[in-house]
Amino acid sequence: MVRAFLLLALGGPGPGPAPCRVLLARAFAPPGTPPGTPPGSPPRQRLRRKEQLLAVARQVASHCHLHQASSGRPPAPPLPEDPPSLHNAPGGLFRLAPGDPFPQGTSVAWLAAPSLAFALVCDPPENLALAEGTLRHLAPRLLAALRPPGTGVLLRPDAADLLLDRLLPHGQLLFLSERFLQAVDRELSR
Amino acid sequence: MFSAAAESFLRQAREVQPEELQRFAARVAAQLQGPEPGPEAAACLQRLHLVVAASKYPRRLDGEIVGLLQKVLCSSKCPEQIQLLCAAILREMSPCIDLSLSCDNIQDTKLLSLVSSVLLAQGDKKAEVAAVGQRIVKVLEGRLPEGQSSRYLLPVLSNVISLSPEALTEEQTNVVSKKMADWLRYASIQQGVAQPSRGFFSNPRTRQPGPVTEVDGAIATDFFTVLSLGQYYTEDQWLNMQAFSMLRKWLLCYGGKGLNAPNSGNRSEMDESVMSMVSTTSTSSHLLPPKERLREKAFEYCQRLIEQSNRQALKKADGDLQKACLIEAVTIMDIICKQDSSYVYRAAAFLKVLHSRISGDATYARALLPIAQFFLNHGEMAAVDSDAIYKHLLTDIPAQLFHNASLAFEFVLFCKENSQLFAETSSIFRQSFPNLFKFLAWNSPPLISEFVDLLPFLLDAGTAIEIFHLLLDLPCLTAALDVQMRSTSASERASCDPAVKPATCLEAFRHPLYKSAFQYLLRIESAPEDPPERLIPLRQLLGSLASSPRVVQCADTVPVLLELFFSVVAEFADGPLINQLVVLLLQRSDQLYEIPAFKDDVHRVLSSQLVMLCKLHPALIVELSKELLEFSGTVSNIQNKEAVFTHVVWAIGEYMSVSYDKRCTVEQINRFFETLEAVLFEVTQVRPLASIPSYAPRAITVLMTALTKLAARSQDLIPRVSLFLSKMRTFLQSPAVTSVYCEEDREEILTRATELMNLLKMPSVAQFVFTPSVDAARSRFQKEVNDTLPSALRIVTRLLEPAPGFVPG
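Here the protein sequences line up with chains E and A, keeping their order. Residues 1 to 190 in our numbering are what the first sequence lists, from first letter to last. Residues 1 to 809 in our numbering are what the second sequence lists, from first letter to last.
One or more of the hints may lead you astray.
[Unchecked claim] The list that follows gives simulated cross-link-like pairs (lysine-lysine, BS3-like), each with its CA atoms no further than 30 Å apart:
#: 1; chain 1: A; residue 1: K291; chain 2: A; residue 2: K315
#: 2; chain 1: A; residue 1: K56; chain 2: A; residue 2: K71
#: 3; chain 1: E; residue 1: K50; chain 2: A; residue 2: K291
#: 4; chain 1: E; residue 1: K50; chain 2: A; residue 2: K125
#: 5; chain 1: A; residue 1: K110; chain 2: A; residue 2: K291
#: 6; chain 1: A; residue 1: K257; chain 2: E; residue 2: K50
#: 7; chain 1: E; residue 1: K50; chain 2: A; residue 2: K352
#: 8; chain 1: A; residue 1: K126; chain 2: E; residue 2: K50
The hints are simulated quantities; they were obtained by calculation from the structure and are not laboratory data. These figures come from a predicted structure and were not determined experimentally.
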């Protein structure tokens, strides 16, 4: 299953003054504990969930920066008001080892936009090609729905949820053709 | 973009005090209790959500407001936006202690999905998952009221079975399996109709919809799948798409014998009779039990998808979907064959044809991995010769597509899944390891941790030497791959004049002088016999690329891999292999790619691993005395490879002793002594009117100590050492030296010289201190290079030169 979806602000590369920040996080599974340990009190479970997602976000930011550095190109300018097409946006895959931070190993698919990144945390049997495709459909629609950039994300979880409920309902990756996507867009604009 | 405004918003949200939060929550409650919560209520809820979400520490909300949120969530009169916000807040606070939410009486499927999202986030303390699962199945089983759609329920079910497969009884899984088989196979192949518009000018007659089309525009030739296109979709077509989306998970969970977690596959029973290879025809399929029927429909669906992937999609998104579908279809076929081996023959024949179709198409390369996995799992049973498939996968794909990061990642995961194949010595998998490292060389950050897991499987006595060289040349490989890529995309073929030396790396790629070196570096198969010296000129040529970011990222991974390499090799290496590695270590320490930080890191690792190898096989000092004499006698090594030099000299001092190897003769000790003495002499010479080069103080002290140790074992040498050490004070106080070495370092060197001299005044003590028994040497108190030695020296010094008031006991 897809354990979580994340939208984060990238911050600066390396241990610099600007850490990455999780702008939007949706978990589709409880945090999970190593086998044999009790789940803990509800505040602890919630804290664990938040910390796990933050740990993933830091890794995503780090991979984005490394990928950007290896390409040798200067960083893209911040997002203009009109959301850009993200067809050629950089993206990638990496793995999180068991215990770091989820009890079992997971794979993360990420997609970078200027100063932002999107990520899906997937359990092993998920179709990673589909996960990457889902990110590429989700990202531009989210950016369009959550304007203005920045405050829009923080104050409109309902807009984000509307999209996630259509394109990633309960963490289910969907095999959506272009026409199905158009049907989804039509439903959302009603 | 994360503007300053957003940053300050977050901070404000975090700094809201509990009392302020309570007041705000009360205001929200008042608005929600009003007749029709409108945009102001929505705005308040949005802010409340932010306050709750912004902090990772719990925010207490009154039981009253929590109850109100639940009530509003379930109320059908509320606008959707308000419901979404209530659900979001409740989820954000999960797990909630005082949640009384239940899905039992909810009829509206959309709302049921929303409420389920809150319940499933509670962590299943009160069997919420099972309750949700039961309700969903109940609704699916029954007849839905007008206007309701089952679309919203399948994803919930999918989530339920991921969290808790035991949530459904066998009867319930049979019910759902039956429905899924119908949705997959019998969805309408007519397009849906648009929602009728109810405007004044709307046309009451709706046009007849046509049939669905394939991705290339042709009319659909067979049943509906996710690759069938329509202008509008019917309810059962949506269910078809969703059923396929959760099919893999469902089969993994319930398709095998007994209950399985979605993440495990089920091994099929191999004693199924061969006669059952004749598959049941679809006319009799309605007699099959639900599980088997679903399996069959799923198999047909996958076959159809694979055929549909042959078409040229008109839209890029559909083309990408075709590839994802292909991967999914092959994987599902693999799972089906594991659960029922009677499908193996059909599947194998089909997939062999598919493989020949896509093997030349780079855009379908990712799909080759599940195909190869299928044949690894079932090829033997299908009596199919799949060696050509593996060969193509391991030799062609990495060489051509190393730059495709997603493919690289999945390829390496595939290797890890099948790591036992790489451990077999003469298998094609093992032989292709040079090709595999191309993935790492190009995509270092995401793949380094995977290679740390994979490397031990590739290492044995036969591959160790070649892999050692390969690791040291990994950044070089990155540079060569860069040149290769640019060469393939270069529009004009640069004419290659063999007489003229190439000016750029690109020219060199085709130049006869460098061509074979490039070919060796970029080889696709293990070539242990080829001497790696031919890479020396190539390494120099590629120096121009040494600062490229990708090369530097690759260079950062090498020290980690080297340490791992040695720790694995230490487990199986015998004396001859260790000797070989030490000789190569010394040679390669100045045949490294010219990246300064890289060279320093590699020297650091090599020097500490040298010590490890010496501990494993101390006799190597005697066996390799020729090479060690040459290395330690070369003064320039102190500048170029200080770490390695220092550790070599330390090892000589430590292990050149009869207690480690009976073959250690006095002549050998003397020979080493003379060599080291000459080096120390050279290093401590003060030439008048000439500036002296600065040598690392550590090198000087380790030379002095080693000489002393050797002298303790061959006591004729003691006078020579003592004389030398006594001259150190003069050396250190000369003006030329004071300007080159700082006071601390000079102090340190002088102190050490004095301690050593004092020790030599008591030769039998010196002998004891410097030549402990082999057992004591292995005790854990003498792990570090100069750990206990300084303290021993200090004690002796104090005994010989007591400070005032110190009375020897």
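Here is what the structure says about each hint:
1. A/K291 - A/K315: Given that 30 Å is the threshold and the Cα spacing comes to 36 Å, the pair is violated.
2. A/K56 - A/K71: 26 Å, holds
3. E/K50 - A/K291: 39 Å, violated
4. E/K50 - A/K125: 19 Å, holds
5. A/K110 - A/K291: 28 Å, holds
6. A/K257 - E/K50: 38 Å, violated
7. E/K50 - A/K352: Judged against 30 Å, a Cα distance of about 47 Å means the pair is violated.
8. A/K126 - E/K50: Holds, at about 22 Å.
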